[in-house]
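For the protein sequence lines, the chains are A and B, in the order given.
The numbering used here puts the last residue of the first sequence at 381; the count rises by one with no breaks.
The numbering used here puts the last residue of the second sequence at 63; the count rises by one with no breaks.
Where hints are given, some of them may not hold.
[Said to hold, decoys possible] Some chain A residues flagged as far from chain B (calculated, every beta-carbon gap over 10 Å):
1. V8
2. P51
3. D61
4. H87
5. L90
6. A102
7. S106
8. T114
9. V127
10. T198
11. L214
12. F219
13. P286
14. L287
15. S315
[What the hints assert, rightly or not] DEER-style ranges, computed between Cβ atoms:
16. B:L59 to A:V216: 45 to 51 Å
17. B:L59 to A:N2: 32 to 38 Å
18. A:S220 to B:L59: 29 to 35 Å
19. A:A101 to B:A8: 55 to 61 Å
20. A:E39 to B:A44: 35 to 41 Å
21. B:L51 to A:Q125: 33 to 39 Å
If you are wondering where the hints come from, they were derived from the structure by calculation, not from laboratory data.
Since the model is a prediction, treat every value here as computed from it, not as a measurement.
Cβ atoms here follow ideal geometry from the backbone N, Cα and C, with glycine treated the same way.
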Amino acid sequence: MNGRRLKVWYRVHKWTSLICTVFMLLLFVTGLPLIFHEEIDRALGYRVTAPAVEESGPRADVDAIVADARERHPDEAVQFLVREPEHPELWFVRLGESVDAAEASSFLTYDARTGELLNAYPVGQGVMNVILRLHVDMFAGLWGTLFLGAMGLLLVASLVSGAVLYAPYLGRAGFGHVRRQTRRLRWLDAHNLVGMATLVWVLVVGFTGVVNTLSVPIFSQWQSTQLAEMTAGATGDGTAADRSPAEAVAAAREAQPDKALSFMAFPGNGFTGAGHFMAYMQGTTPLTAQLLTPVMIDADTGQVAATRELPWYVSALLLSQPLHFGDYGGLPLKILWGLLDLLAIGVLISGLYLWLRRHWGRSPAIANGADEGRAPPGGPA
Amino acid sequence: MIGSKRFARVWGMPLVLALVSALGLVAALLADGLGDALSWAALALPTAVSLVITIRAVLPGRA
Numbered sequence: 001m002n003g004r005r006l007k008v009w010y011r012v013h014k015w016t017s018l019i020c021t022v023f024m025l026l027l028f029v030t031g032l033p034l035i036f037h038e039e040i041d042r043a044l045g046y047r048v049t050a051p052a053v054e055e056s057g058p059r060a061d062v063d064a065i066v067a068d069a070r071e072r073h074p075d076e077a078v079q080f081l082v083r084e085p086e087h088p089e090l091w092f093v094r095l096g097e098s099v100d101a102a103e104a105s106s107f108l109t110y111d112a113r114t115g116e117l118l119n120a121y122p123v124g125q126g127v128m129n130v131i132l133r134l135h136v137d138m139f140a141g142l143w144g145t146l147f148l149g150a151m152g153l154l155l156v157a158s159l160v161s162g163a164v165l166y167a168p169y170l171g172r173a174g175f176g177h178v179r180r181q182t183r184r185l186r187w188l189d190a191h192n193l194v195g196m197a198t199l200v201w202v203l204v205v206g207f208t209g210v211v212n213t214l215s216v217p218i219f220s221q222w223q224s225t226q227l228a229e230m231t232a233g234a235t236g237d238g239t240a241a242d243r244s245p246a247e248a249v250a251a252a253r254e255a256q257p258d259k260a261l262s263f264m265a266f267p268g269n270g271f272t273g274a275g276h277f278m279a280y281m282q283g284t285t286p287l288t289a290q291l292l293t294p295v296m297i298d299a300d301t302g303q304v305a306a307t308r309e310l311p312w313y314v315s316a317l318l319l320s321q322p323l324h325f326g327d328y329g330g331l332p333l334k335i336l337w338g339l340l341d342l343l344a345i346g347v348l349i350s351g352l353y354l355w356l357r358r359h360w361g362r363s364p365a366i367a368n369g370a371d372e373g374r375a376p377p378g379g380p381a
Numbered sequence: 001m002i003g004s005k006r007f008a009r010v011w012g013m014p015l016v017l018a019l020v021s022a023l024g025l026v027a028a029l030l031a032d033g034l035g036d037a038l039s040w041a042a043l044a045l046p047t048a049v050s051l052v053i054t055i056r057a058v059l060p061g062r063a
């Protein structure tokens, strides 16, 4: 690579990195506890393990569970019934200030066998909530989320330009060797080599993070087109008194016997129509478990009214989520996610150090850019 | 010959790490059990290589 092109790539790497680094530090630092949110919630008592009971006994009535949740929170509306296929012994009930409120106001865990309330999640409270908000939108709502998405795109540009600069800045001994002559060379080689070793992981987590920042626009697009079509042609206004969520769940399961319920939206919620339950069914293989099939159930009759696959852009969003969260391969995968996250923080800090040293370093040879535009030490090949 | 040797020294390991990382990211998504184990083994490689480099960089010595 000639000196001028190297300089252009260097500038791209410098500026994309400089702009996004402080936000990436925020995201990688807050992301670390979020990888382990389930374990942390459990340790804090926010999440419970169902007690051991006779498994052969009958299942609790879902209608009774929903009625209990309504009785405990008479001023709130049930928005969703939620399942975790790996925990068939639990039912979760999400309530909001209204049925279509964006935020949850209560999140209750019930024993699916006895119907007993096991736990109420402290919604919107605690340190984990602060960490989550910082990571998702910096307490700045949708614009905060979209801003972080833009910073994520800069990270991707920084990674690509960094990979272009890798070879010209590498020492003669090749990959793996850390030059120890000066402190700057040590940091440079550590930055360059760890950056390359973790490149694909950071690229994937960064890019899927960007996709996740678009979840609100992606879902609104689907809600205003395909979901609107699906609910428009359906009859029934859901005013009948005897709406049974249990019947709706049973009907959805009968319609999709090879799938498992992921969650069910209640009539009036943004994920369904005014007169219908919408059961979102997930597959039972690791890959199809990430995807959802909505089954619409008439709330008045309890019959399945329509079933429709989600469009590609919603499926892409759903598939990008596990690749961002690292929650699809047990605790060992989460630990690797955590270690790679720490290594990425190291790359961010070493990059910042190299830039600071170049501009405010004590050595004038380095401060004046001994390798700016000229061949850097040890390269280019 | 010298050119290809240099190429292997510079790009051999990064390419292997990139492919193994991609394999590790996908394996657990496609299958449980063996898929999970393959993911752990595959993602442990870039992690271990990075840790070795970090240790080499922070070890006391000539600086």
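Worksheet item: Can you name, in rising order, the numbers of the hints this structure does not satisfy?
Response: 10, 13, 14, 18, 20
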